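A.B. asks: The primary structure of each chain is shown beneath.
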Amino acid sequence: MRTNKGFSRRLLLGGAACAVALPFFESLTPKEARGQAATAPKRFLAYLAPNGFDMADFRPKAATGPLALGPMMASLEPLKDQVLVLTGLQNTKQDRKMGDHAGGIGSFLSNRTVVYDQEKMGGASIDQVIAAQVGGKTKLKSLELSGEEGFSDGYCDSGYRCAVGNHIAFDASGTPLPKLFDTGAIFDRLFQGFDAGASAAEAERRAKYRKSVLDNVLGQANELSSKLSVTDKKKLDEYLSAVRDVESRIGMSMTSASCKPPTRREGPLDDVTRHGVLADLIALAFQCNVTSVVSLMWGNMTSNRNYSFIGAPGGHHDISHHGDKAENIAKLKLIGKWELDQIAALLTKLKSLPDADGRTVLDNTTVFVSSDISDGDAHNHDDMPVLLAGGGAGFSMGRHVEYPDKPSFGSLFLALAKAYGSSITSFGEQGLMPLPGLVV
Amino acid sequence: MLGLKWYGRLGCRLGVWVSLALASLSGCTAGEGAVPGAGGTGTNTGPGGTGVTVPSGAPGAGGSNGPSAATPVVGLITLRRLNRVEYGNTLRDLTGTTTDYGAKFPPENLSFGFDNIGEALTVQPLNVELYEESAEAVLTELFARPAADPVRNRFLTCDAATGRSCVIKVLQGFAQYAYRRPVAEAEIGGLADIAQDFVTSGGKADEGLKLALKGVLLSPHFIYRVELDADPTSNVVHPVSAFELATRLSYYLWSTTPDSTLLVEAQNGNLLSDAGLSAQIDRLLSDARSSALLSNFVGQWLNLRRTEQVKPDEKVYPSFDDELRASLRQESEKFFGELLQKERPISELLTGSFTYINKRLATHYGLPAPATDGFVRVDLSGSARVGFLTQASYLTATSNPTRTSPVKRGKWVLDQLLCTPPPPPPANVDLGAVEVGDTSLRKRLEQHRAKEPCNSCHAIMDPIGLSFENFDGIGTYRTSDQYGPIDATGQLRTADGVVSFNGAAELMPILAKDARLADCFAQKLLTYAVGRGFSGADAGALKAVADSSAALGAGVRGVFKSVALSEAFRSRRAVAP
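Each protein sequence line maps, in turn, to chains A and B.
Residues in the first sequence are numbered consecutively from 0, following numbering that gives the first Met the number 0.
Residues in the second sequence are numbered consecutively from 0, following numbering that gives the first Met the number 0.
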């Protein structure tokens, strides 16, 4: 039986060689101690791999039925019974002809049309709908991550705004949630407590005054709001709801006694290392119950990451316009394989971590992997590549399901929302019925 | 990158070789009728304009709308929060910290090509968490300063242990700089109560005061640049208040909070007069803090920030290193800095026959190395390099990892320098990767220009881009590539008729004559200064800037000044007309 007595709040960090105080553990009272069966939270991870996939290699080798992994997913073989591949789905896009990447990214988790000239989407993305169900008792309602720095340019695809063209997570008002890129900053947000090194009484006192200050600025904002124009009032509403959310989470920190935060890494990292560090951070954020919902954009919109390190030199987006040239298609197969190798490593990590209920973290998580488009040259938003993994939603895994009638991501997301306990009856623009065939 | 998608797809593959197509007056008509490039529809001078005939765009471009009396000079701008650069600078100037707290924030949403557009700047829980952390850290720094420290003494003017009146005094003194205006006692009374309560319950007086000061740094009056309207439901245009103007001016020219002098000029009302404002513009432009214009405005307009993210392929460009990467941006900033400070015309952006190099760039350009470390000005007269577009920053930022992209280079000029982005290509063109293949780029581009829908735009973009082929994907000079000798010749139709040129050095004076360059510069600058998107439709606002710039001497500095003197900059409205 664990108690919080003697639990070290200090962690010596390898690379930085300095002691970083861990947060005060508000209440480490494992349910075992009270003689109850422990439960673990349900979690969700959304993963965007940019520029589509080579569908010939992505697609399973056999039709609907038991999963026979295609060449791109070979490294998922040991995890096969926890993988579900869906083919034939489509998603919404943008309101103009051009801008398929922006259209595919803004709609990636929202299933809403990306509208020209708009800085917002029409509503929440699925990760935020799930976070509204499962994110109430964690330090962070959700965590948004980026695997690539900055933006590709000052504009985001044919004049679409970067707010919608380069984000996948949107709150209930359709406002994008900013992504963190630096792995040191991500570590700090997850694992570094605001009440570093304080005693219980001190921490409680700090929490009280932290709340007082936030209450005061909320009061200032409310008073200011009454004097503002409609436009400015709406803008200030973002501040009000953000401060309220932070205030509601004061005192929350790691609530799992069994987890051990990873080593803090920061600064420039090569892509292989970066992916591994991100995987560790995500896995530990889940196991430590710091958050239950994460979204990761491995690349920015039209990412031109240079995959020369796996023998595919050039810019990824440039190559994805393959023009049916064998050289380009061969490179896309290599890139897709590499991405799925990394995803396999991430899933393996989730599977290696014990959860509070005695199962693994992967057993309690759903991972959704897809892209902004299907084929990089055709720019199509149908025949989308979809990989689901883990047991968080209770879907029947180890299968391939083909959907000949092109159902929408909206239907899949509606099914996911329901699996996470949401009572919504539709999702996005096309999620009017939950996607069938997920549970057999 | 915008447009990347379609140069790759638009392989109008015809085996017909045609001679270099000329830009036609009808311009690009290939699109679906919608011009991309937010805010970039350009002030179209049309057939009667001077300079290169560039695509006249499509419906929505200035050309078809024309200067419209219906378009107000003063549009609706959205409450602007400090972006991460401004936030970091502001904490620096407020508290003397040397830590850049802005660097801890995620990148801002870019809109209209800039990161300071009110509508796109959002606040989410992550921002609030970072505001809390930054406030805690920066105030801890302030309180740790020694007793005689002038920054400490500017604010911590009394001993908080002496009671509430001291707390009020310190809070009010700090808040007036943080909020950039006078602050009534009632506004900070609640924070003083928190400090008092903290002490009553056994806390240290300084800690209580720090807590209250934290409230100032988390306040919406600090985080946002608040501007009020006497009637928030009226669409009537009115001048912003003197303090609001001081704030606009300071964040425009310095990307930071107003200094004491500027606040005093606001307080005594001088700033509201043309002469008073003009004097402050001159003062701010001459101050070292105006270098923020180079890193923020120029860094975004000329895409210099992109050089931090480009990843030239190590095998193709083994000489590219981080020292060179850092030097690229500095060269172009220093080059533009001279245009600004020496009051040179904007046309010299393209034709300036000088640059600034350090030892690393000297090696890169094959020029004699400076005797000292750091940058020196060098004369480039008679060399192949002339103006910004032959600098390695632009040449690298518009290249792909393994090769140059003439289409991207040409399109960038139309988008960013002439504000006339070509419309997207038509759907259903014969797709193919035009820039990927086994013949020379020029030849493949010629093949794909042979077909009409491709031709109308690429006949303009491609000759411009191909003129830079003597510079490889990281801007190194070359006379041949893997396919043979470089051919950088081309032709363009201009107001003076068809002109032929050989290479960038001959093309630059032609481009520099285009009237759209100056209009585009004003459009970009207004967007940056006011925080909303300006486009060709804002003809009134652009004309006002152009007219007043001419009166001010027409140099780059005059344009910076005339923007700040314009009605668009000095006024606001609560509701759209």
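Check before you lean on any hint, since a few could be wrong.
Unchecked claim - If you want a taste of the chain B side facing chain A, the calculated C-beta under 7 Å gives, among others:
hint	residue
1	P106
2	L109
3	S110
4	L125
5	Q195
6	G214
7	Q308
8	A550
9	L551
10	P576
Said to hold, decoys possible - DSS-like cross-link-like pairs, simulated, lysine-lysine; straight-line CA separation at most 30 Å:
hint	chain 1	residue 1	chain 2	residue 2
11	B	K341	B	K314
12	A	K136	B	K450
13	B	K450	A	K96
Unchecked claim - The following label-pair restraints were derived from C-beta to C-beta distances:
hint	chain 1	residue 1	chain 2	residue 2	range
14	B	A287	A	D116	32 to 42 Å
15	B	P149	A	S247	52 to 62 Å
16	A	S172	B	E135	27 to 37 Å
17	B	R282	A	S172	38 to 48 Å
18	B	A143	A	E148	26 to 36 Å
19	B	V236	A	I309	43 to 53 Å
20	A	G135	B	P576	20 to 30 Å
21	A	G135	B	A143	30 to 40 Å
22	A	A171	B	N501	55 to 65 Å
23	A	D269	B	E322	16 to 26 Å
24	A	D116	B	A514	24 to 34 Å
Source of the hints: derived by calculation from the structure; they are not laboratory data.
Since the model is a prediction, treat every value here as computed from it, not as a measurement.
Just so you know, even glycine gets a beta-carbon here, dropped at the ideal spot from N, CA and C.
A.B. asks: Compare the structure with each hint and give your call.
C.D. replies: Okay, the hints, checked on the actual structure:
no. : hint                        : in the structure
1   : P106                        : holds (5 Å)
2   : L109                        : holds (5 Å)
3   : S110                        : holds (5 Å)
4   : L125                        : holds (5 Å)
5   : Q195                        : violated (11 Å)
6   : G214                        : holds (5 Å)
7   : Q308                        : holds (5 Å)
8   : A550                        : violated (31 Å)
9   : L551                        : violated (28 Å)
10  : P576                        : violated (13 Å)
11  : B:K341 - B:K314             : violated (41 Å)
12  : A:K136 - B:K450             : violated (61 Å)
13  : B:K450 - A:K96              : holds (21 Å)
14  : B:A287 - A:D116: 32 to 42 Å : holds (38 Å)
15  : B:P149 - A:S247: 52 to 62 Å : violated (41 Å)
16  : A:S172 - B:E135: 27 to 37 Å : holds (29 Å)
17  : B:R282 - A:S172: 38 to 48 Å : holds (42 Å)
18  : B:A143 - A:E148: 26 to 36 Å : holds (33 Å)
19  : B:V236 - A:I309: 43 to 53 Å : violated (58 Å)
20  : A:G135 - B:P576: 20 to 30 Å : violated (44 Å)
21  : A:G135 - B:A143: 30 to 40 Å : holds (38 Å)
22  : A:A171 - B:N501: 55 to 65 Å : holds (59 Å)
23  : A:D269 - B:E322: 16 to 26 Å : holds (19 Å)
24  : A:D116 - B:A514: 24 to 34 Å : holds (27 Å)
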